[in-house]
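Line by line, the protein sequences are chains A and B. Here the numbering used here is used: the first residue of the first sequence is 105, the next is one more, and so on. Here the numbering used here is used: the first residue of the second sequence is 5, the next is one more, and so on.
Just so you know, the hints here were simulated from the structure itself, not pulled from any lab data. Be aware that a few hints might be false.
With beta-carbon atoms standing in for the labels, derived distance ranges [claimed, not checked]: (1) A/Ile197 / B/Arg248: 52 to 62 Å; (2) A/Phe241 / B/Val255: 36 to 46 Å; (3) B/Gly190 / A/Ala194: 32 to 42 Å; (4) B/Phe127 / A/Ala194: 15 to 25 Å; (5) B/Thr488 / A/Ile240: 56 to 66 Å; (6) A/Ser260 / B/Asn408: 19 to 29 Å; (7) A/Phe137 / B/Tyr199: 49 to 59 Å; (8) A/Ala194 / B/Tyr430: 18 to 28 Å.
Counterexamples of contact, computed for chain A against chain B with all Cβ distances above 10 Å [said to hold, decoys possible]: (9) Arg115; (10) Thr162; (11) Pro179; (12) Ile206; (13) Arg228; (14) Ile244; (15) Ser257; (16) Ser260.
Chain A regions said to be covered by chain B (calculated; three or more residues, Cβ under 8 Å) [said to hold, decoys possible]: (17) 152-160; (18) 165-177; (19) 187-201; (20) 207-219.
Built from N, CA and C at the ideal position, the CB exists for glycine as well.
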Amino acid sequence: MAGPSGQASWRHSDVGSAAVALAIAAMAFAVTFTFDTVPAALMQGLGAEIFPRLVLATIAILAVILALQARNRAPEPQDAIHPMVYATTAAMIAFFGGVWLIGMLPSMFVFLVGVGWLWGERRRTLLIGAATGTCIFIWIVFVKLFGIVLPHSVFSELLF
Amino acid sequence: MDAFLGGMAILADPYIMTMIVTGTVLGVVVGALPGISGSTTTALLLPFTITMTPTAAIAFLGAIYCAANYGGSITAILVNSPGDPSASATAFDGYPMAQKGEAGRALGMSAVASTIGGIFSVFVLIVAAPLLSRVAYNFGPPEYFALAIFGLSMVAAIGGDSGVKNLISGAFGVLLATVGLDLTTGVERFTFGVYELSDGIGLVPVLIGLFAIGELLVQASQLNVVATMLKLDAVRLPSMADFRKCAKSIVLSSGLGTFIGILPALGATTAALVAYNETKRWSSHPEEFGKGSIEGVAGPEAANNAAVGGAMVPTLALGIPGSSTTAIILVGLIVQGVRPGPHLFNEQPQLLYAVFASMLAANILYLMMGLFAAKLFARISLIPNTFLWPAVFVLSVIGAYGPNQSMIDVTVMLVAGVLGFLFRRYGFSPAPLIMGLVLGTMAEETLKQSLIIFDHNWLGFFSRPIVVTLFFVTAAGFLAPALTRAWRIARRKAA
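Just chain B, same shape as in the assembly (with noise of 0.2 Å):
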């Protein structure tokens, strides 16, 4: 409880409150440009974290986290362009919405749903992880290992539609780190006598590269498509009768957020796809959802910044991001010299209630810019893409640069960047490579770590009962979808 406190004075100083209320700006203009989605907007503002101390940069990622995901409803609303993946859905009743007129009227419940979704799940955040972090404390490595491997195991969920192409793209991130010195033996691996690449490949390059120069070269071949805005009428709060109506779509919503936003690998585009789904099904009035249903305005917008702090708790408990933006703060922290898992909770406390204090600071900040400024970030949406894309290079170079201030890191960006492009032109997702970079040094360390302990006996794994359960789930992740489709083909032939 005292950390906690602690935690929540840091929105006493003024530095980090400083640092918190940039990050809710930056957060919310940049995720209001179309095409930059919340990974992106993440990835490109990562650097700015450079010179802070770990408790201003926790606090400045948390933010804009936060602040992001909302962002991206303004043009979801406004444009039908929606700034980030999970605001999609917001878009099937947000844009039929400001085409009657009632462009402020979305927004306002934009806001203010998305303010209670997020203050929901970061209250669910303060008690779970903490809860969570106590079961893994005692974890040694090969239950880290099982958990990596579990981790891995989901980037078959997350991104494009097919979990083979996850999971080549998530092996092809366990790959990459894999490159530079071998810890153990002090061999050099795929450095092709690039002593910079002893290190490993910085986790920060590539992954501006992948997100951010990767979306620059899809804007490349989409410069005649045209953004047209829509007439916004003053935003004003919900009335008292839109709130009634949709009281029990957001209740609903942030604990279906909350909770998809917890499980590794499904994000906020899911928690927002599934709320929009589950409003309707639950609404007195279904026939109004996609002709401008202020409900389902409500409902993917709770859900989808629920998600978020639904997210940060394996993030910061096990260290196992739960999604891509996430695996992106994890790097934020490891730069940071900051390495989530149930340790940090006993050691450094006082970082983590950091994180808290500034999703909760953030999620009111953007709830009175969604409110009083929301006309200004629209206008932001409408940036030409000949000003914007081109600026969103130089701060990527300046980004990659920044860190270690060497040309090899742009260079890498800028790789990464071309593979991020065709990465998704062939339908594989990028998500999956951070996340297989991430977690792919914890995988290789622990193993082996583990085989000394066991004496190089792989069977020492079968020991240890965490390590059998986890092993037993990620193989019935594999195995669940191919034993469905077998036992539905039994039945229809029974049948």
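Chain A with its partners taken away, still in its complex shape (with noise of 0.2 Å):
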């Protein structure tokens, strides 16, 4: 659908994504002239920078035909992001500190707690009880049985 003027539209939502595309893929190449080079005596086949590049090319020449199937199409509304999509990635993130703070497992308790609470669910026993045992679960599953060392607090490294 052409515009109201009969000119072609750039307002829908894959122009933007094909942008993003085409402005990774040229972030990207800058990047591939930053690689160390090989003496050419040294060289057999083809150089380190060569493969991404071609793949980089194609994306790009992708993403212009995104841009142009686009062009003339109706912008389809879309909702904005639902705000507990950022409460939950910010919680996410603040996981990485807590693993820092306090060690893996007592992060993902307050994980679990923290996020059931912050989605909705206000059975305090329940909640507290579910999370006790899934991380109960993971430390006989994955350290006991696994033997996989989780990372320890920043006071944990400090003591020991």
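Assemble the dimeric complex from its two separately framed chains, guided by the hints.
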């Protein structure tokens, strides 16, 4: 669907997606110029930068095709990203801080209780019980059975 | 034959059998959870294989793959929310049947049809995969390069509706595969000084992030959707009359599902939808479809489970994944140090027959579970999101961290998760990215080897008949839609 004046419309979200893909491809292409060079005498076959550049050129061509395909399409209404998505992403990032501060298993417990509460669960006993059960399961299966060493907190690193 | 019998003998090993039973139970349980697809289930459970022997890990993954596909039908019938996209066609008639108080009949038929379709496709896999691998046994790097390009071109057909978006997603996957040390020159690429990235981006964190964390963020925006489960009457075997009514659709759909599954990139969802249409077309009572027809449950269920075995044919014989779930299984095999392809059939046939045996066993096991424990599995689908998804996050963290015990992998998982969410939001499918990541390394390595063989003459590719054929098929795949459209326009103008 063309714009009101009959001219091409570039407001479809695919145009934005194509622009992002192009920008990423351009940046990555620039990064390929920073790769270490190999002396010609030692060189065998393709240089390290050639294949990534071929792929990036392909992405760029496909992004242009995507934008051209979308140019005459009417923009589709799209809801704003739900605030809970931001809150959950923030909780996941905070989890990393928690791992550094109190270790992985306690952070998991806090995350399970915190995000459960954030998502609307108000049955405290059930929430704490489920979080405790999940952490015990992870400890038994992954730590005891599989022998995975979980990251310790900064305090335990200092103490031991 | 000896290797096949040897493979089947693994079923007598209590440890392997325990893994198969565990994989089947976990596959059905996790597959029954709404929003968790077969791919997510496999990605989430992949870390459990870390410490297993290759045979046990492969048997475990094979069982999960079969069972997760069946598990998806439980919620499709009871909650009208398919646990797996491939079960969406099952919901068309399964849910109306449940509304009429026939949930047990629908679940019983779903279990039986799934088992028949699944076992049929495993037998096709047992016959077709070795044959295909024999054809591919003499392939050299140029043929593998052409095969990788063909596989990558096929990503246009998987996932979302837009072929161009799928190709962009796949190309980004190939780009991610270039991260790390270039093996030919020793040059570091896109590592930005992070030494943990020298070995490349871990496949496991990326796929857990894309599928599990991406879906978690989607669920975070849908917290107001409440699933209500209908009453489940006693799950019972379909009657002889039901069997007679559905026999034709099960046979037709098993064949269709297996065939569609074998085609690269066309998976269980396509198989189920095509089978639903064909079942309706060939049915004596097409008017019952959509209102609770038992044939409408039998057809798609036989097809989507038949596609499972079909999709394993190119995965095992050529190392080219037939679907996103088989791409994840391929990753699981690579993590175990096993690279599927024609050489595997000669070098480690017992591993392949372990896959066949585990898939056969899983099909029989989930039939029993479906008939005797469907009520229990149905309850699982009602676990509130407030408990389920935070638990998915912590399992994902441990899954990404486990293989290398590195927090960088957890960071990669989180970034991939956000990317997966944005992909879904803007109509990109994460499945092609995984295919690109898996096939990217193969494409680059074989391109470099080929150019050394051809003394840097790119035209050398055209001296190999198989390469030319594969390039032609790839090009035809790209051009066919445009040519068909042009032909239709020309015909309309002529008329």
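Hint by hint, here is what the structure shows:
1. Checked against the hint of 52 to 62 Å, the C-beta distance between isoleucine 197 of chain A and arginine 248 of chain B comes to roughly 58 Å, which is consistent with it.
2. Between phenylalanine 241 of chain A and valine 255 of chain B the C-beta distance comes to about 43 Å, which sits within the given range of 36 to 46 Å.
3. One distance hint, 32 to 42 Å for the beta-carbon pair glycine 190 of chain B and alanine 194 of chain A, holds here, with the actual separation near 40 Å.
4. Distance hint check: the CB atoms of phenylalanine 127 of chain B and alanine 194 of chain A are about 51 Å apart, inconsistent with the given range 15 to 25 Å.
5. Between threonine 488 of chain B and isoleucine 240 of chain A the beta carbons are some 58 Å apart, a value that agrees with the proposed interval 56 to 66 Å.
6. Checking the proposed 19 to 29 Å range against serine 260 of chain A and asparagine 408 of chain B shows it holds: the Cβ atoms sit about 21 Å from each other.
7. For phenylalanine 137 of chain A and tyrosine 199 of chain B, the hinted distance range of 49 to 59 Å is not satisfied, since their beta carbons lie about 22 Å from each other.
8. The given range of 18 to 28 Å is respected by alanine 194 of chain A and tyrosine 430 of chain B, whose C-beta atoms sit roughly 21 Å from each other.
9. Under the 10 Å C-beta cut-off, the non-interface status given to arginine 115 of chain A relative to chain B holds; the minimum distance is some 14 Å.
10. Under the 10 Å C-beta cut-off, the non-interface status given to threonine 162 of chain A relative to chain B is violated; the minimum distance is some 5 Å.
11. Distance check on proline 179 of chain A: its Cβ is at least 13 Å (rounded) from any Cβ of chain B, clearing the 10 Å threshold; non-interface status holds.
12. Every Cβ of chain B is farther than 10 Å from the Cβ of isoleucine 206 of chain A; the closest lies at roughly 14 Å, confirming the non-interface assignment.
13. At roughly 12 Å, the least C-beta separation between arginine 228 of chain A and chain B is larger than 10 Å, which holds for a residue marked as non-interface.
14. At the 10 Å boundary, the C-beta of isoleucine 244 of chain A stays outside the reach of chain B, the nearest C-beta of that chain being 12 Å off.
15. Separation of serine 257 of chain A from chain B is adequate, the least Cβ-Cβ distance of about 13 Å exceeding the 10 Å criterion.
16. For serine 260 of chain A, the condition that its CB be more than 10 Å from all CB atoms of chain B holds, with the nearest at approximately 15 Å.
17. Counting residues of the stretch 152-160 of chain A whose beta-carbon sits less than 8 Å from any beta-carbon of chain B gives 6, enough to reach three: the coverage restraint holds.
18. A stretch counts as covered by a chain when three or more of its residues have a beta carbon under 8 Å from one of that chain; for the stretch 165-177 of chain A and chain B the count is 5, and the coverage holds.
19. Residue count for the stretch 187-201 of chain A with a Cβ under 8 Å from a Cβ of chain B: 9. That meets the three needed, and the coverage hint holds.
20. A stretch counts as covered by a chain when three or more of its residues have a beta carbon under 8 Å from one of that chain; for the stretch 207-219 of chain A and chain B the count is 5, and the coverage holds.
In the structure shown, a violation is registered for the earlier hints numbered 4, 7, 10, in ascending order.
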